[in-house]
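Kindly produce the complete structure, drawing on both the sequences and the hints.
Protein chains in written order, with my numbering: chain G, 40 to 547; chain V, 40 to 547; chain D, 318 to 754; chain Y, 318 to 754.
These aren't lab readings, by the way, just hints derived from the structure by calculation. Please note that the accuracy of each hint is not assured.
Here are the simulated EDC-like cross-link-like pairs (lysine to aspartate or glutamate), alpha carbons at most 16 Å apart as the crow flies [said to hold, decoys possible]:
no., chain 1, residue 1, chain 2, residue 2
1, V, LYS141, Y, GLU360
2, D, LYS345, G, GLU211
3, G, LYS285, D, ASP337
4, D, LYS671, G, GLU409
5, Y, LYS339, V, ASP159
6, G, LYS141, D, GLU354
7, D, LYS605, G, ASP526
8, V, LYS539, Y, GLU588
9, Y, LYS345, V, GLU406
10, G, LYS533, D, GLU710
11, D, LYS339, G, GLU409
12, D, LYS339, G, ASP371
13, D, LYS345, G, GLU78
14, G, LYS158, D, GLU710
15, V, LYS539, Y, ASP708
16, D, LYS339, G, ASP526
17, V, LYS282, Y, ASP505
18, Y, LYS709, V, GLU406
Selected chain Y positions facing chain D (in silico; Cβ < 8 Å) [said to hold, decoys possible]:
no., residue
19, TYR383
20, PRO385
21, THR386
Think of the CB as a built atom: it goes at the ideal place given N, C-alpha and C, for glycine as much as any other residue.
Chain by chain, the residues run as shown.
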Amino acid sequence: MSSEITKVTQHISHNEALIFERSQPGRIGYRLPPLDVEETPLAEILPSAFRRSDDLEGLPEVSEVDVIRHFTRMSTWNYSIDLGMYPLGSCTMKYNSRLNEKVARIAGFAGLHPLVEEKDAQGALEVIYELQEHLAEITGLPGVSLQPAAGAHGEMTGVMIIRAFIDARDGEGASAKRRTMLIPDSAHGTNPASAHLSGFSVKTIRSTAEGLTDLDHLRELCAHGEVAGLMLTNPNTLGLFEKNIKEICNIVHEAGGLVYMDGANMNALVGIARPGDMGVDVIHLNLHKTFSTPHGGGGPGCGPCCTTKELEPFLPVPRVIRKGEVYSLDFDQPQSIGRVKAFFGNYGMMLRALSYIQTHGFDGLREATEAAVLNARYIAHGLVSDYDKPFDAPPMHEVVFTDKRQSRKGAHTLDIAKRLIDYGFHPMTIYFPLIVQGAMLIEPTESVGHQELDQFIAAMRSIAREAVENPELVLNAPHSTRIGRLDEAAAARKPVLRWKPKEAGVAG
Amino acid sequence: MSSEITKVTQHISHNEALIFERSQPGRIGYRLPPLDVEETPLAEILPSAFRRSDDLEGLPEVSEVDVIRHFTRMSTWNYSIDLGMYPLGSCTMKYNSRLNEKVARIAGFAGLHPLVEEKDAQGALEVIYELQEHLAEITGLPGVSLQPAAGAHGEMTGVMIIRAFIDARDGEGASAKRRTMLIPDSAHGTNPASAHLSGFSVKTIRSTAEGLTDLDHLRELCAHGEVAGLMLTNPNTLGLFEKNIKEICNIVHEAGGLVYMDGANMNALVGIARPGDMGVDVIHLNLHKTFSTPHGGGGPGCGPCCTTKELEPFLPVPRVIRKGEVYSLDFDQPQSIGRVKAFFGNYGMMLRALSYIQTHGFDGLREATEAAVLNARYIAHGLVSDYDKPFDAPPMHEVVFTDKRQSRKGAHTLDIAKRLIDYGFHPMTIYFPLIVQGAMLIEPTESVGHQELDQFIAAMRSIAREAVENPELVLNAPHSTRIGRLDEAAAARKPVLRWKPKEAGVAG
Amino acid sequence: MLHQIGLDSTADLFDSIPADLKLSRELKTPAALSELELLAGFEQKAARNPAARRPSFLGAGAYSHYCPTVVDHIISRSEFFTAYTPYQPEISQGTLQVIFEFQTLVCQLTGMEVANASMYDGSTALAEAVLMAERITRRSKVIACGAVHPEYLDVVRTYVQHAGIDLAVAATDPVTGQTSADIDRLLDDKTAAIVVQSPNFFGCVEDVEALAEKAHAVGALLVLAITESISLGLLRSPASLGADIVVAEGQSFGVPLSFGGPYLGLFATREKYARQIPGRLVGEAYDKQGRRGFVLTLATREQHIRREKATSNICTNEGLIALAATVYLETMGRRGLQEVAQQCVQKAAYAARKISELPGFSLPYSAPRFNEFVVRAPVPAVGLLSALASDKEITGGLALSRYFPNQPNDFLVCVTEMNSRNEIDALVEGLGQSSGA
Amino acid sequence: MLHQIGLDSTADLFDSIPADLKLSRELKTPAALSELELLAGFEQKAARNPAARRPSFLGAGAYSHYCPTVVDHIISRSEFFTAYTPYQPEISQGTLQVIFEFQTLVCQLTGMEVANASMYDGSTALAEAVLMAERITRRSKVIACGAVHPEYLDVVRTYVQHAGIDLAVAATDPVTGQTSADIDRLLDDKTAAIVVQSPNFFGCVEDVEALAEKAHAVGALLVLAITESISLGLLRSPASLGADIVVAEGQSFGVPLSFGGPYLGLFATREKYARQIPGRLVGEAYDKQGRRGFVLTLATREQHIRREKATSNICTNEGLIALAATVYLETMGRRGLQEVAQQCVQKAAYAARKISELPGFSLPYSAPRFNEFVVRAPVPAVGLLSALASDKEITGGLALSRYFPNQPNDFLVCVTEMNSRNEIDALVEGLGQSSGA
Ligand SMILES: Cc1ncc(COP(=O)(O)O)c(C=O)c1O
Ligand SMILES: Cc1ncc(COP(=O)(O)O)c(C=O)c1O
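Right under this line is the structure:
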């Protein structure tokens with residue numbers, strides 16, 4: 040590693056077995072109050088045929104300090120936002136405020152059962168309502184449901200709304216011919232998967248050499264009256280604003296379709312421009328991206344769906360509404376697509392997102408967007424001399440590069456990513472979007488300072504040099520981690536998906 | 040490192056500058072509500088002569104995420120109980136329950152001002168009272184003050200009580216001749232320092248070859264009527280129970296002195312034997328050792344002082360007392376030594392200690408002692424073949440070894456300790472007690488399981504082998520940490536005790 | 318920085334957005350609040366949720382259980398909660414090993430062979446199980462037992478509405494509270510799966526084994542749903558009952574009620590269906606030096622690669638909640654889970670007995686139960702429970718009329734280890750008084 | 318394990334304790350409680366501290382200030398709170414660098430050249446400062462200003478009682494509230510130090526510079542004590558006033574009130590006295606490869622090595638609280654600390670003005686103030702404040718009769734950024750009503 044870049048060094052790191060390998064019969068890590076009612080013989084309540092006979096064999100038996108050490112040690116093997124920049128493109132890994140965590144743990148929310156009477160949960164419903172209002176303002180789309188649990192869930196919800204709307208508009212028969220969903224080749228994989236879940240067949244739209252939706256292709260695909268809609272990410276997954284968005288929406292609308300926007304990249308737009316003003320009909324947001332709720336190592340998320348007034352009747356039930364000063368649940372939505380999740384969605388994430396919005400204020404939201412875009416532009420500027428930048432247009436909140444120059448000497452995107460680890464950074468998103476060969480999608484977000492951006496650029500440049508001067512160094516990276524690259528192919532060939540005791544299996 | 044011992048490996052570790060080196064003018068990490076009263080011109084309140092003119096230059100200017108990353112990164116450089124065994128002899132590094140942390144943060148305690156009226160703080164006073172009662176029962180010494188903030192502070196308090204008692208008993212004149220405090224040569228350095236603070240001169244008692252107080256020497260020193268008291272640690276700092284404690288107390292008492300016990304090692308006795316039953320007059324406890332309140336990287340602690348009934352009138356004011364169902368502060372103690380701290384002591388630690396006592400129950404307290412002693416015995420047994428054990432007697436909760444065998448080949452206690460770091464352990468206490476050359480004082484506590492004890496023993500044995508076979512490995516240890524041994528001598532010669540900006544100093 | 322990259326003003330950053338699409342004003346969201354103001358605002362809202370402060374006997378898919386203090390401490394370690402999905406195994410082994418342990422625990426509890434890294438919640442897990450059954454059997458009819466949680470059934474309906482799946486619902490026996498013989502009428506060789514919940518929505522333990530046999534007899538799968546996962550500490554394991562796909566709501570494992578989410582979908586099945594499972598899987602892997610580690614695996618099932626052919630669209634799942642459940646299960650351990658289950662069953666039995674002794678009150682269903690049971694009151698349940706809340710400050714349960722308008726006097730009571738005897742006695746007393754009995 | 322080491326029973330472990338000294342029964346401490354029971358018990362006790370829930374105008378050495386949420390998050394990282402004193406620098410750099418930053422911050426705030434790693438609290442720090450002044454000057458008379466916090470003075474008395482130090486107290490001027498000319502009478506060339514608190518116990522800013530000049534004129538030191546460290550954000554730095562030793566209570570820097578502790582003693586002095594300073598010091602050091610690190614240094618002053626000749630007996634100090642203060646100071650930073658100080662001074666001025674306008678109420682002292690001031694009521698303060706608490710649920714301040722029986726109608730009011738205008742207005746209104754004015 041070149042000596043000026045000293046973001047990291049190596050230090051001692053604790054090993055830790057699987058908990059099952061640590062378990063010792065008889066150890067206990069909990070204590071419950073004694074049973075304070077008269078005991079009924081168990082057989083009178085539950086005949087033994089209903090009871091398990093395996094005495095839960097295999098479940099761990101450990102002490103409280105064992106548990107603490109187990110998880111504390113494992114935790115130290117993770118990279119995290121709190122350790123540094125996490126420039127995963129499309130993921131918007133921004134700082135997760137501690138205040139939001141505190142808000143979500145307030146007893147009056149954390150201890151509230153979802154089925155209490157509405158009058159006993161007015162404060163909780165108000166949170167939902169307020170957040171709905173704010174998201175409507177931010178997107179320019181007034182119908183909001185917070186029920187979806189993540190982005191993909193929001194997509195499914197949105198696409199089902201499109202379908203339900205067309206069914207209602209055209210009648211079952213006519214609608215049955217409109218079963219095509221258009222999706223750009225650059226789209227995230229969840230888009231086609233969600234469309235499929237809603238019974239659509241997917242047609243792929245080409246991107247132009249500039250990295251934007253190919254309008255001609257779009258027109259062509261729209262020509263046959265089969266198109267129910269278009270799913271568009273904007274800025275798209277190349278980090279480029281679809282500057283023809285208005286025209287795109289017109290084309291789709293004129294063809295009788297609706298426009299779904301994947302809002303995963305809203306961190307480029309909040310406070311600057313609103314999808315509703317562009318002609319978008321329905322959008323999902325990722326509160327766990329744009330609105331800073333923590334990713335938690337893969338969730339939970341929250342994927343609100345926002346629609347035009349026209350589509351509002353199709354949103355999932357129950358809706359949270361307000362009459363005068365009273366908040367209530369409205370189940371009476373005959374056109375609704377139905378429920379997409381039990382209860383009201385990932386409520387804890389709504390609290391955090393509302394706290395984020397309140398902390399930032401209208402100006403702070405806009406400033407965060409500006410900083411996010413500035414940071415991406417700064418990286419784009421800093422790396423363009425060393426890495427191939429496949430699209431000329433200035434990026435919004437994220438920028439894509441490729442390994443074209445480095446791969447000539449054998450160092451591919453994966454290698455560059457792994458080498459970045461040695462420099463103390465979490466790698467960018469790699470090999471996505473699929474249409475860019477060897478893609479490296481870099482999203483710094485607003486939560487990173489000038490110094491660390493410079494370190495990142497310096498590290499990337501240093502890797503570019505290494506790829507020429509000492510490619511082995513890059514090809515065998517990372518060198519500084521507790522384990523090296525794992526053999527993923529072997530793992531998938533003979534998957535071992537759970538621990539098992541050395542000899543026998545575990546009976547049920 | 041021998042290959043079977045794989046408690047640790049190496050992993051990437053983030054660097055972090057001093058916050059002052061990271062500061063950027065204009066960055067802000069806080070937000071306050073706007074001032075909601077009419078503003079008075081500052082000069083009307085505080086003439087400028089009273090105000091600082093340096094605009095607080097030098098204080099850091101950073102964002103919230105800067106702060107989080109700064110401290111998160113630094114935290115990863117620390118060893119901690121949660122990462123593993125921490126066998127510092129005399130320090131009783133046991134598990135710090137998360138429940139106790141939660142208790143200390145309950146708003147009704149954490150938000151309570153110390154000067155509220157007694158009737159508005161009955162619950163808080165009850166906590167103090169209950170803890171006093173429990174500590175009285177555990178030590179067998181009924182007069183308790185929780186005011187001292189740490190062990191050394193408790194020592195000072197206890198020694199002052201002895202002095203005040205003798206002053207009262209003998210009258211000023213006679214008392215003035217009793218100004219000698221006897222302290223064994225094995226005692227912790229705070230003992231003589233505390234005695235000195237209370238105006239005593241210290242005489243040192245020799246230890247016998249068995250590691251116990253030399254009774255003959257004690258008798259000799261007691262012969263001249265100068266002795267105000269004896270400060271004895273029991274089990275002593277060699278981990279040995281002073282089996283002659285009763286006779287020791289008799290000798291001192293007969294010579295007109297009192298016996299102070301340093302209770303730092305109470306983890307060997309709780310529920311098994313009580314100082315009050317041995318003839319001890321006054322003791323301090325370390326709640327941050329025996330009663331598991333966290334060490335916090337060097338405090339806060341809490342060093343309650345427990346005395347016989349006879350000495351109770353001399354305890355610091357205010358006392359917390361109970362009349363019927365009402366708790367109150369009693370300032371009316373004319374014989375009291377006075378106050379040793381503002382307010383009532385380190386209250387947050389009292390909450391944690393009470394929670395510890397309640398969590399364990401009477402049987403759990405005893406079992407913890409048993410486990411602590413068993414673990415030390417197990418280590419003693421496991422290491423005796425490879426390390427010099429200077430005293431034959433079976434140890435209590437900690438055991439002392441020396442580097443006698445290893446130092447022949449050049450590896451000294453310091454080297455062995457540093458090498459232990461490479462094996463993933465925090466070293467034991469070294470070079471204490473002073474009377475044992477090359478001492479290694481090992482206290483596992485009850486918070487460590489069989490597996491880790493075995494790993495520790497294996498690591499120590501492996502080091503013993505290395506000391507013979509490859510002494511360089513030991514002499515240059517640690518090899519796995521982010522920095523190597525620091526030049527402490529140079530640091531003390533030209534101490535740099537604060538950061539300064541590159542050029543000028545900081546004006547006031 | 319702006320100048321370094323050759324721009325003059327912040328506005329230049331957004332040049333690629335057509336001017337007419339830009340917002341020419343500030344957002345109408347509120348002005349920034351300080352921490353103090355913000356917390357005060359949320360505390361005020363929280364205070365307007367009085368139900369959160371009362372003793373409660375609500376269950377019905379969300380349960381109040383003891384959660385050891387260590388759980389929140391661990392999930393508050395930012396190494397866990399501020400990490401992304403573990404795409405880079407070299408610096409994500411913490412998350413990966415946790416998920417591997419989670420998958421193992423779910424297998425141990427259910428007795429099944431494979432479990433995934435989590436689903437959004439129990440209801441969506443059930444919907445995905447139904448879709449999976451259709452994929453496996455290539456049959457399009459699914460029979461759900463009528464006592465599946467009504468909100469779960471709603472979600473299943475939403476998910477299957479465009480999948481060409483025909484969802485039939487088998488009636489519940491009004492005497493036993495279990496699935497009635499009605500199911501035999503619906504079952505045929507076009508059936509992809511029987512979907513049963515046990516303990517079911519009414520708290521009745523179903524005869525799952527018999528249903529599994531029926532399903533298997535026609536070549537269908539048995540999909541078992543569990544809303545109260547603590548029951549796994551005591552009831553027969555799903556695998557031993559013959560279940561083919563098991564889904565469960567894992568909220569009982571150390572996850573706060575939090576007004577309905579985030580919760581945790583558990584999903585387990587037989588090894589032979591592993592490649593049909595939705596969602597992420599973590600597997601063991603080794604590096605060149607033979608060191609064990611864990612990776613996301615079998616990704617070819619997923620939407621990143623298969624896109625519309627994926628087994629599901631799920632991407633972000635419930636990672637941190639799976640961590641919470643893992644910490645919970647490892648802390649409670651083999652003995653703790655059994656003890657919690659025992660306390661639940663005992664306390665519920667005590668409460669059921671006491672309530673049934675009240676004049677005019679009865680327990681309409683005869684099947685064995687775990688920690689929930691239906692009470693039939695002499696008066697409409699909604700009013701009764703409202704009175705109980707205002708007079709006694711107790712949330713007495715769920716009026717079934719919310720979902721079953723034809724059961725106006727019935728309500729569902731849930732009792733867990735969190736309900737002290739005093740609370741139960743107060744409930745019983747309150748019911749007696751409020752019903753005028 | 319017992320058997321592995323050749324023992325038969327647990328009792329054998331304690332063979333070295335004579336039988337007659339062993340406890341032959343179990344301790345009479347309570348039986349073990351589960352987490353649920355234990356928490357419920359503490360919550361009940363906490364509920365019996367109603368003062369913790371009220372708006373409060375209490376200060377007098379313990380202050381209610383805003384604490385950014387990040388502080389508790391950081392000090393809850395077990396890498397910090399479960400570590401010991403950093404005796405092994407290779408695996409303790411986290412703690413060591415924090416202390417180095419803490420020492421730097423204390424130097425920056427006070428303007429002094431050296432600061433230590435913390436003392437128990439402000440009161441004991443003051444006592445140690447007095448002892449240090451004696452060591453430096455080898456003089457045995459110390460003059461304390463009468464408006465030093467009475468509990469601090471008590472602690473100093475306790476500490477010096479056996480040190481051969483003669484403690485004289487200079488009277489406070491009843492008009493200004495500052496130290497009176499009385500001090501000139503006491504001062505002589507045997508004086509080791511003048512001890513002054515500013516803002517003093519009555520909230521009055523002292524003329525420290527003048528006192529320092531007087532002290533220096535006779536070869537004595539000026540020891541400055543500060544109980545409200547937020548004042549450092551606005552008031553002249555101690556160094557610029559001529560202080561030789563500065564001690565302060567750091568509780569205002571992000572540390573909860575917690576019924577009086579744990580708090581944080583700050584201790585700073587001139588470079589030339591560095592080797593006389595009590596307690597731990599952290600210094601910069603380098604390893605063989607030239608990498609910078611930090612170590613405990615100048616240990617020869619300490620009791621480990623010097624034993625009875627040590628500069629102090631202090632060993633465990635307030636490490637974690639120093640961490641909290643460091644996080645606080647770095648989060649608030651240069652601007653935040655100034656803003657807090659400004660808000661305090663403004664709100665206190667507003668409150669003082671409003672109260673002084675109440676009929677019968679006056680502010681007896683004329684000196685400039687920071688955020689505390691004495692109010693003279695038309696009725697005895699104890700009764701007045703009691704009435705205010707019960708009628709208005711406001712803790713209105715501290716009745717000075719607790720420490721000064723001859724000031725029955727006086728009470729000390731403290732106003733910080735935590736007291737909203739509404740609270741202040743309610744206080745003023747309540748005082749008016751309760752005094753019958
Ligand atoms: C562009 C895009 N769309 C959709 C998604 C899916 O969101 P989620 O993972 O929350 O389901 C993602 C995130 O992974 C994304 O980056
Ligand atoms: C034997 C002994 N006595 C006294 C002390 C002093 O206790 P503290 O550090 O709490 O002041 C210690 C701990 O360091 C000790 O080990």
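* Asked: Would the stated hint for Y/PRO385 survive a check requiring a Cβ distance to chain D of less than 8 Å?
  -> holds (6 Å)
* Would you mind confirming whether the straight-line C-alpha gap from Y/LYS339 to V/ASP159 stays at or under 16 Å? => violated (42 Å)
* Starting from Y/LYS345, check that the Cα of V/GLU406 is at most 16 Å away, please. => Judged against 16 Å, a Cα distance of about 15 Å means the pair holds.
* Assess, step by step, whether the Cα of G/LYS533 is no farther than 16 Å from the Cα of D/GLU710, and give holds or violated. => violated (57 Å)
* **Pair hint outcome, G/LYS141 versus D/GLU354 [Cα-Cα no greater than 16 Å]** => holds (14 Å)
* To do: Would you check the hint for V/LYS282 and Y/ASP505, treating anything up to 16 Å between C-alpha atoms as holding?
  => Distance of about 55 Å is beyond 16 Å: violated.
* Hint consistency between V/LYS539 and Y/GLU588 [alpha-carbon to alpha-carbon, up to 16 Å] -> Cα-Cα ~14 Å, so holds.
* Are the Cα atoms of D/LYS345 and G/GLU78 separated by 16 Å or less? -> With a Cα-Cα distance of about 60 Å, the restraint between D/LYS345 and G/GLU78 is violated, given a limit of 16 Å.
* Asked: Holds or violated: are the alpha carbons of D/LYS339 and G/ASP526 at most 16 Å from each other?
  -> violated (48 Å)
* Please work out if V/LYS539 and Y/ASP708 have their alpha carbons no farther apart than 16 Å. => violated (53 Å)
* **Pairwise hint evaluation, G/ASP526 against D/LYS605, where the allowed Cα distance is 16 Å at most** => holds (8 Å)
* Verify the proposed pairing of D/LYS339 with G/GLU409, using a straight-line Cα cut of 16 Å. => holds (13 Å)
Of the numbered hints given earlier, the model fails hints 2, 4, 5, 10, 12, 13, 15, 16, 17 and 18; all others are met.
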